[in-house]
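Asker: Each chain is listed here by its residues.
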Amino acid sequence: MIDAFTNLLRLVGSFFPPDLSAAYLRALLVPIAQTIGMAAAGMLIAFVLGVPLAVAIATRAPGHRLIVAALSALRAIPDLTLAILAVVVVGLGPAAGIVALALFYSAMVGRVYGDLFAAADAAPLEALRATGASRIAIAAYGLIPLTLPDLLTFGTYAFECAMRASIIVGAVGGGGIGTELAGTLSTLDFHRALTLVIVLVALVAGVDAFGILARRNPRLVLLLLPVGLISLWLYRPQIFAFAHAVHTFATMFPPHLRASQIASLPLLIAQTLAIAVGGTLLGALLAFPASLVAARRIVPFAVAVAVRRVFDVARAIPELVFGLILIVTVGIGPLAGALALGLHSAGVLGKLYAESLENVPAAPIDALAATGARRLPIVAFGFLPLALGPLVVHTLFRLEWNVRAATVVGLIGAGGIGQALYQAQQLFFYQQMLAYVLVTWGLVALSDWFGERLRLRLGWNFVAA
Amino acid sequence: MIEISGVRVVYGPGAPPALDDVTLQIAAGECVALVGPSGSGKTTLLRSLNGTVAIAGGSIHVDNVEVAQLRGRALRRLRTRLAMIAQQHDLVDRLTVVQNVMAGALGRWSTPHALRFLIAPTAAELAEARAALTAVGIPEKLRSRTNELSGGQRQRVAIARALVQHPTAILADEPIASLDPELGEQIVRLLCDLARERNLALLCSLHQVEFARRYFDRVVALVGGRVA
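Top to bottom, those sequences are chains A and B.
Residues in the first sequence are numbered consecutively from 23, following the working numbering.
Residues in the second sequence are numbered consecutively from 3, following the working numbering.
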């Protein structure tokens, strides 16, 4: 036990100090630009494709049910799985990352904007329709201005996610910081790996700050246009490769697994689910006590803010990056996967739990404080029972998300269906790979469906944030 | 018992005083109604009594102790003696009625005691809750979920919680504002009866001047932060 602990400390220590030499930082400028470029280009395409789809859904254009079904199906494929497909089809490099991000986020923007448009105030839209306005006019004069604050809030949130995602698609050869990070870890260059993690946290914090500015001044979103266009031009797929891409795509059909592989599917699925459940449990166990000291209504402001910074860092580091680091410290296998999910989930859940605790109604808490109660009893008799519903729902949402994430960390050796998928790709068994993609898709779609049913039954449902 | 003399409260620099030179004494077993329009300072006065609102001038003594000088544990001990009852939104819905009633004891319970009660209440604790609920007329609601109660029943539970505090005074801030008149009259009568029976000082803000005249020993009117 003590040996394991000193080993862990030694391993953590081996990451320090980070490599902050001018030469290395200069060399990082290109991967950083690639990462930002991928995110911007992917989101640009996502908005260009997603907004019209959302308008079609909200105005009940012919075929809108089919669009909803297709977008839901596309969303159930984890972004990294899409990235692997894109790397196979488009080839290594940022173009693959852009394709994967564009597909994933078009589906996300289409669905969520569709829901937001559908919830817009009906009366002004009715008036527009009465003038005989076209769908485009209704969108431009009605839907978009009516829902603009929500569109911006979700848009910047999606951009934040895309930035994190553009780091992880790099890990499978999509270019940018992710590729750099995978490289430094596989060569055991831990000092540089730490530098990259710091860069990553800074990037996510930067996007966060940009989001806050953009909500105040929506015109800043237009910055996405030049950045996205430039990186689309720089990283355009080569024309001569296009025929090759189509050919490669064709070789994936029909999907096929050998009998022995089909027999091992239940074990792979069980491993993936175990990673998801274990990660969620660990995340909740870490997040719950920490969230009590991160809620401004329970502890002094300075304490809450300090704990929240820790959550921010854990949230900024994607599961896959935690996974890459843990693989070299605790070794490959489902344990590393569950730990990776747990650490990232702790950051996400900690923030959400703390916010739920802060949002409980004031009157019952004031009444408890007026009895002269101590702080912990006020938490036990007031904050916890009042926030119980949101706490449970956030945890269930995370579990749903972690089923997705568990397939993703499989790629780096954490086991489960994701590992089988990645191995098939590495060995060019594309028919097997597609079969595993379909299994992943089914698993995620099933868990989403189940989660939604459960949340409806509990009487709680809202868009995941 | 409660002695308020020359109290002044100001919310922020430059703002007009929320309370200005308010002087008032309330004896044990005395029922005092506080009337006046919205914004006249009724809530501010009640909240300054238990130290939730800081006073800028004058003094407040409860049982011969000056409230403004109390901090931390001493302030908490004062609050256990002053039971607050607000409008009907101050119960915790997800807890049971017993748990809400016994929350009144949190001020005198240690933290481990409070946590143990949530898991395994003793027979004595349940008996105390039942006695308090009997005093407010709803002993049968002991095991109910709080969100199943009507508005009037919720106020009775809040009063039962106040009784469990073993207070020397009850401070009620418009306790019947969200009840219909008939139910409101029952609650006011219950509060006054309990205060006299148990020799508690009662200070209760109200909008209904006719109830104030009918049931209370004294009616104090606040206008613009001053006693009219």
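Hint data in this document are derived by calculation from the structure and do not stem from the laboratory.
Just so you know, even glycine gets a beta-carbon here, dropped at the ideal spot from N, CA and C.
Please note that a few of the clues may not be correct.
[Unchecked claim] Residues of chain B clear of chain A, computed beta-carbon distances all greater than 12 Å:
1. Ala133
2. Ala137
3. Pro183
[Said to hold, decoys possible] Computed footprint of chain B on chain A, listed as stretches where at least three residues anywhere in the stretch have a Cβ under 8 Å from a Cβ of chain B:
4. 380-390
5. 397-409
[Stated by the list, open to error] One-sided excerpt, in silico: chain B residues whose CB lies under 8 Å from chain A:
6. Pro15
7. Met86
8. Leu97
9. Trp111
10. Thr113
11. Arg228
Asker: Decide, hint by hint, whether the structure agrees.
Answerer: Quick rundown of the hints versus the structure:
{"no.": "1", "hint": "Ala133", "in the structure": "holds, 18 Å"}
{"no.": "2", "hint": "Ala137", "in the structure": "holds, 17 Å"}
{"no.": "3", "hint": "Pro183", "in the structure": "holds, 23 Å"}
{"no.": "4", "hint": "380-390", "in the structure": "holds (count 6)"}
{"no.": "5", "hint": "397-409", "in the structure": "holds (count 8)"}
{"no.": "6", "hint": "Pro15", "in the structure": "violated, 22 Å"}
{"no.": "7", "hint": "Met86", "in the structure": "holds, 4 Å"}
{"no.": "8", "hint": "Leu97", "in the structure": "holds, 5 Å"}
{"no.": "9", "hint": "Trp111", "in the structure": "holds, 7 Å"}
{"no.": "10", "hint": "Thr113", "in the structure": "holds, 5 Å"}
{"no.": "11", "hint": "Arg228", "in the structure": "violated, 26 Å"}
Taken one by one, the earlier hints fail for this structure at numbers 6 and 11, listed in ascending order.
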